[in-house]
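So the sequences go chain by chain: B and W.
Just so we're on the same page, the numbering used here is the position in the first sequence counted from 1, plus 632.
Just so we're on the same page, the numbering used here is the position in the second sequence counted from 1, plus 430.
It is possible that some hints are incorrect.
[Stated by the list, open to error] A few chain B positions that, by computed beta-carbon distances, are all more than 10 angstroms from chain W:
1. E713
2. A726
3. Q727
4. E751
5. A772
6. V866
7. D876
8. L878
[As the list claims (entries may be wrong)] Short derived list, chain W residues pointing at chain B, Cβ under 7 angstroms:
9. V599
10. V600
11. P608
12. D609
13. R612
14. A691
15. S758
16. H977
17. E1148
18. L1150
19. R1153
20. L1154
21. D1155
22. R1156
Just so you know, these hints were derived from the structure itself, not from any lab.
Positions of the beta carbon are idealized from the N, C-alpha and C atoms, including for glycine.
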Amino acid sequence: MSELVPQPRTADDPAGAAPAETVPLLELAGVRAGYGAIEVLHGVDLALRPGSLLALLGPNGGGKSTTMRVCAGLHPVSGGELRFAGRKVNGISAQDAARLGVCSIPEGRGIFPNLTVRENLWAATGTGARLEDLEEKAYARFPVLGERRRQLAGSLSGGEQQMLALSRALGTDPAVLLLDELSMGLAPMIVTRMYETVTELVAGGLSVLVAEQFARAVLPIADTAALMLHGRVVAAGPPGEIEDRLSSDYLGG
Amino acid sequence: MTTFLTYTILGLVLGSVYFIAASGLVLTYNTSGIFNFAHGAQAMFGTFLYWHFTERWGWPVWLALLLVVGVAGPAMGAALHTAIMRGLRGTADVTKIIVTVAVLLGTVYLAQWVWSPDEAHTVDMFFGAGAKVTVAGVVIRYHELVCLVAAVAIAAGLRVLFTRSRAGVVMRGSVDDPDLLRLNGHDPERAAMLSWALGSTLAVLAGVLIVPISGGGLDANMLTLLVIDAFAAAMFGRLRSIPRTLVGAMVLGLAANYVLAYLPSAGTFTGNLRVSLPMILLFVVLVVLPQDRLRGAAIRTRERYRVPTVRAAAVWGAVLVAVVYLYSLLLSDGGVSTFALGMTFAIIALSLTVLTGYAGELNLAPLAFGAVATVVAFHTGVEGTGLASYMSVRGLLLGVAVAALVGGLVALPALRLRGLYLALATMAFGEFLSNMVLRDTTEHELFGFTFTLFPDGSLVVPPPKAGPLDLRDGTTFLMTATVLFALIAVGLAALRGGGYGRRLAAMKDSPAATAMLGQNLVRLKLSVFMISAAIAGLGGVLMSAAHGTVAQESFSFVGSLSLLMLVVVAGIGYISGALVGGLLAGVGASVLVATFGDLALESEGMGNIYDALGHLVLVGTALLGMGVGRNPSGFVHDVIEGYRAMRGARPLLYGAGAFGAGLYLLALTGVIGTWTFALVALCVIMLLPVLGRMYLDEGRRDRPTPLELAGVDEPYTEELRARLDRELGLPALGKGGAGA
C-alpha cells in the first residue's frame, strides 16, 4: 500500500505544485457503507482541500460518525470511492491509513484509560514519531499533561483526556486530522480552547475534517461546511450559507 | 526448625511454578480479554514433547528445552491465536470460555492418543535428582533453584516488558480499544499474537518445571488440572497485577506444603485437602474481591436466539415423545438404556439452557450438582434391599431440593461479580466436590449420626419408582425421561415467555439498565441459578440411576466441560440445542468410541485404523467446539434457519416426510438395520435445507462481472475504461488531468 500511495505531506510547502492545490487530500465519492443489511451512508460526496477545515454538521443519526470511521479506514466501504490525494484507497486498513498521515481522534476520547499519560503518547508513536518529540510538544501546549505524565489517563478529567487525545495530532505531524465530536461532554470553555488549538494547526497547514453536532462551536473557524442528513450530504459550501439552512433542515428535515 | 525451613523452601518452589503458569494466564487475559482454560493443556502438551525429546529420542536436556520452550511453545501460542482466538472478538463470555475449553479437551485427547495413558512417562529433574546443595541444614536441589530463579526473572522481565517497552504498552492498550490502536498505526492482532506466544511459552515452561516437583509422573489429565490450580494465583492479582499474582502464587505454594507438614496424615482427609486447597483459596478470593462496577453500555454480541412460544414447545414436546417411542421400538435393550442415559444428559443440559442461554450466566460444573443430588438421594431415598431396592420419590425430591440449595450457596458469593468469576466459582466448587466429597470414603460422626459420604468410592443407585410407575424397565425409563424432558422444556418456554424470562433476558443484555429499572440483580441471578441447579440435580439422579453404579469419574470436571461444550456447539439458547447437545454428550461420543473400540478388537488388521478413528471422534468433538467462535449461535440455529427458509418448498418437505415414513417401515420390518436407519434419517434431516435452498435458488441471477472479466463479453466502453483506471489507481484523465 505504501508504495502505491505517496506520503502526502503538505504542511511544509503550501505553495507547492499546482495539482496539489486542486486535488483534495481526502475525498469521498458516492460512498456507501452500512452495518450488516442496514445501509446508513447512501452515497456521500465530500472533498477536503489541503490546508482547510471542513465542518461536517448534522443531527444525530445522520451518518457523521460512520463517515468518519470510513475515512479512518475503520469501516469498510460497500460502494463508491474513498480517495487519499486522488488515489483510490477503498479497503485500506486503519493502521495503513494512520501511517499515510491520517490522524483520527474517535468519538468519546481517543485515549487508553488503563495506560498512563506518557504511555498513551508512547502508543501514539506507532506512525513513526519519536516519543521525545511527542512529549515535548504535548507538554508545551498543555502543561497540565506534563504534571500528570505518570497518572492513568482514565483518571484525568474529560477536558484533560481530550487534550491528551489532541496531543497525538500535535506530535505525529499528520497530513489530515479527523475529529469526531470533539465537544462531547465538555464544558464550553474547554471546547473553545480545543478549537483554538485546532485553528492553529490549520494555520500551520494541516487539513482537518470535523464532525460536530453543535454547529455553533465549529462554524466560526470552518473554511467550508457540509450538512449531512439521513446518510447523504445535502448541502456544502461556505459556513455562512450553511448556517442559514441549519435551523430549517435540523427541524424540518 | 529444619522441617519448617524445608517445607517453606518447597512451598516457595511450588509457588514459583504456580507463578510462572499464572503469569502466562494474566498476560493473555490482559491482551486479548480471553481467559485461557486451555493454559494447563498447553503446559501438558509441551511437557509431553519435552519427555518425547529427552526420554524417547534421548536428546540432551538443553537441546530439548530449547526446542520446547523456545520453539514449540511460541509456535503453539501463535498458531492458537491465528487459527482460533482472533475470531473471538465481539462474542459473549460463554463463547470465549467454551472455545478455550474445547482447545483444552482437544489437546488432552490428542495427547492421550499420541502418548498412551497406559504407559508410564516420567520426567527427571534438571541436573538429576541427586544434584543439590545444603544450606543451614536444608537440602535444596538444583532443579528447585532453577524454579526460583526462573520465577524471579520472569516477574522482573514481565514488569519491564509492560512498563518499559513500547511493545508491552501496546499490548496493554489492545484490551482497552483495539480500534484506537489501529488509528495509532499499530496492529492489535500482532500484539495479541505476541502475547499468546509468550503466554504459551510460560505455560510450557511451568509444565516442564512442575512435573519433577510433583513426583515426576506425567499424566495428561492430572497435569492439565495441576496448572488450573494456578487460576487461584491469577485471581489474587484480579487477573491484572503481576506482583499480586506473585504473592498469590507464593501463598498457594506455602499453604499446600504447610498443610502437608502439619495436619494429621491419618485417613484421606489431608491428602484430599491438599489437592483441593487451590480451589478453596480461589473461592475465598472470589468472596473477598470487591464488587464489580456495572458497565453502562449494553453488551453487544453476535449470538442471536429466537424465543419459542409455549404452544410451539408443547407441540414439539409431543412430537419428541412420539418420535422417541417409535425409535425405541427399533432398538435392542442395550440400545434403549444407552438412549435413556443420553436423555438424562439432555435434562442436565436443560439446566444450562436456562442459566446460560436465557440469563447469560455460566456454570462449568453442572454434573457436580447432579452429584450432590445423587449423594443426598442415595442416603435418604433408597428403600428395599438387593434387586428389589428402589429410589423413592421423596429421596428424588430431597436430592433436587438440596442441589438447588447448594447451587444458591455456591453462587451467592460470586453473584456480585461478572460472569467469568461465577464460572470460576462453579469450577472451584466442582473440583472441591470431586476431591473432598466424592473421595470421602471414611466414616464420620456428626450429631450422633455415623455416616460415610461415598462408601467404597462408588454408589449403587437403584432405579426410581413412584406408585405403579417402575423405572426398572428400560423402555419405561426412557419414556419417563423423555416426558420429563418435554415437560421441563415446556416449563422453560413458559418461563422465558413470561415476565421473569424477560427480566432474565434484560439482565443478560444490560445489567446496568436492568438495575436502573429497579430489578434486584442478585435475586434474579440467585433464583435462576437455583432453578438451574435443581434441574441439573434431577437429571443427575436420573443419570446415576441409568448408570446403575456411579463413582467419582461419573461426575468429573472433564465430563461437565464436554457436556457444556457440546450444548454450546448445538446452540445453548435453544431447547433443541440442549436435546442435541445432551444426547451427543451422553450417547454420541461414548457409543462411537465404544463401537470403534469393539471393531478394533474384532479385526486385527484394521485394528490401528479403527483405534485411530475412535481417537479422531474425540478430537473431532473438540474441533466442533473450537468452531463455535465462527458460529456462536450453534448449529441447531443453522438447521432451524434452513428449515424456516424452506417453507416455500412444500413438495420437497412432503417428499422427505414420505421418504422417512417408508424408511421407518423398512427398519421396523427388519429389512434395514437400526444403524442404517438412524444414519440415513440424520443425513436427510441435515441435507434437506441444502436441497431446499437449491430448489428455491433456481432462476436467480448471478453476480456482477468481476474486474478481470470486464469487457470480455460486452462492448468496451469509455465508462468501462474509466472504471478500470479507477480500480487500478491510475490518475483520472478527466478534469484533474486536463488541469495539469
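May I ask which of the numbered hints given earlier this structure violates, with the numbers listed in increasing order?
1, 2, 3, 4, 11, 14, 15, 16, 17, 18, 19, 20 and 21
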